[in-house]
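S.K.: Starting from the structure of chain A, add chain B where the hints point.
Number of protein chains: 2
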Amino acid sequence: MYGAIEAGGTKFVCGIGTGPSDLEVIQFPTTTSAETIGESIAFFRGRVQNRLKAVGIASFGPVDLRPGSPTWGRITSTPKPGWQDVDLAGEVGRGLGVPVGFDTDVNGAALGEARWGAAQGLEDAVYLTIGTGIGGGALSRGRLVHGLLHPEMGHIRLPHDHAADPYPGCCPFHGDCLEGLASGTAIRERWGRQPPDLEADHPAWAIEARYLGLALTTWVCTLSPQLFILGGGVMRQSHLFPMVRKELCRLLNGYIRAAAILQEIDRYVVPPGLGDRAGVLGAIILAEQAARNAVP
Amino acid sequence: MYGAIEAGGTKFVCGIGTGPSDLEVIQFPTTTSAETIGESIAFFRGRVQNRLKAVGIASFGPVDLRPGSPTWGRITSTPKPGWQDVDLAGEVGRGLGVPVGFDTDVNGAALGEARWGAAQGLEDAVYLTIGTGIGGGALSRGRLVHGLLHPEMGHIRLPHDHAADPYPGCCPFHGDCLEGLASGTAIRERWGRQPPDLEADHPAWAIEARYLGLALTTWVCTLSPQLFILGGGVMRQSHLFPMVRKELCRLLNGYIRAAAILQEIDRYVVPPGLGDRAGVLGAIILAEQAARNAVP
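Protein chains in written order, with the working numbering: chain A, 2 to 297; chain B, 2 to 297.
If we strip away everything but chain A, and leave its shape as in the complex, we get (with noise of 0.2 Å):
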């Protein structure tokens, strides 16, 4: 039995099972890190005592996942106030006595999906969220890209026409990256609405598209992925995948000559084969790569 534990900056989702057949979540919101921490450890406490090989955990971040390094397992520089410099998965390690797999929210999503999900068999695969914010994971390979940090997709720099769309952006750091311009914190500012209450024909979608588009361009030519799994709050207008497909051709303009593109768009970018389970299932795969790593 594994525990999972998908660590989001408005809810934490906890769960418990081997995969998606006998996985049983809870989830509550994100408060101060003590209490929210307190609350996952006794969950886990209260419905499976010792009897839990080891925890998994899918975080938001940024978070350092080096290797040895000091601060392993931690929430970093997170504009979070109350969550910067968290000991996320030492402290739930030492309050189950259990070894803890950890990554970010977007790398377990990329796992679930690629172990249960849209992208079963595949080595090569891009998760996206764009919700509040925008974050992506990645699988090179079959093992997911991680390096310095890990990667940060939702601040990459695109193309702004801003005689076209005079809004500057709203991310903090950047402006006009792509979570600046894309995520659905950029389209309710720049309309004043939420994106569900925008109907499909509004202006906002298109040029939603356009910049969806040019991201996944970019990813096309730096990553090659199989697949792109576009989640998070915004994608659920569903309406959005073709226009992102299309302008994803328009862009690459038949430069990358490959089936998947040219012939079977429709089936390259693709909503989450587990929906919103996508996170805390990968975490229950973190918590069997920890439990293997554990075995001395």
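There may be inaccurate statements among the hints.
Just so you know, same-sequence chains aren't split out, so a pair can sit in one copy or run between any two.
Below are the SDA-like pairs computed for lysine to any residue, each with C-alpha atoms no more than 25 Å apart in a straight line [what the hints assert, rightly or not]: (1) K247 with P160; (2) K12 with A165; (3) K247 with L149; (4) K247 with S78; (5) K247 with G94; (6) K81 with L263; (7) K12 with A205; (8) K81 with C250; (9) K247 with P173; (10) K81 with N254; (11) K247 with S22; (12) K247 with N51; (13) K54 with G234; (14) K54 with E200; (15) K81 with R293; (16) K81 with W206; (17) K81 with I262; (18) K12 with Q121; (19) K81 with A259; (20) K12 with A201; (21) K12 with L149; (22) K81 with G274; (23) K81 with A260; (24) K54 with F29; (25) K81 with Y256.
These aren't lab readings, by the way, just hints derived from the structure by calculation. Predicted, not measured: the structure shown is a model, and the values here were computed from it.
M.R.: Below, chain B without anything else, positioned relative to chain A:
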């Protein structure tokens, strides 16, 4: 003894050896495919007869790298006349009767730099060439990024301030993608002079540093490399390095809190440790891999 071919659109470099200490190379201009491949085969036959264990080829592209594909080892949709659909790996392998390793020129260079050059000991690094065109190869967790096709990093999209830089870009597919705006071809067309003929304080370089800084920003956020290696003819203007580093830091604006960027940027964006030999030395590694894979 391994054979190595760095197959470029302008010249072929053929090498024999096992590494930097014993590598012997010749080079000749790229003409027709029959003539150039023939000349390569003749070189290896003349020099080492039957003592070659395998040949590695680091090729211009796009190329087909998909294992098991019926067109594996071919140059595919290149605009170079007479080279479309040329079975480069197959012809060399049949001509010499040895296993062939095959990858892109920039992936080869990334491998070479990781083994013997600037990226030794690193698992996550990006090699870029900024010359007539722009290309990039990336190592993620010690393996080359491949995927659907292979990265075509020169074709990412960037902010383009038409008031500051009215040049429309020279990419036949995308106009003002990175290659369209920042390749040696773009510099020559924009200013009417070759890059080496533009003095160090010419405004060309601020524009060039701006585009390269934007591109590196996007790749920091996507691939999170531990190192960028910038090669190619344009980067021989070594005054560009501090300008690109400064621009990268300015654009990231403190968001990525890694010492490599915040404190050691001079060691984060560097020229190739192997100079012009990165590609052909990388092809030696591709040959090694092919010899290893061919053992039953």
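S.K.: Return the numbers of the hints above that this structure violates; sort them in rising order.
M.R.: Of the numbered hints, 2, 5, 7, 11, 12, 13, 14, 15, 16, 18, 20, 21 and 22 do not hold.
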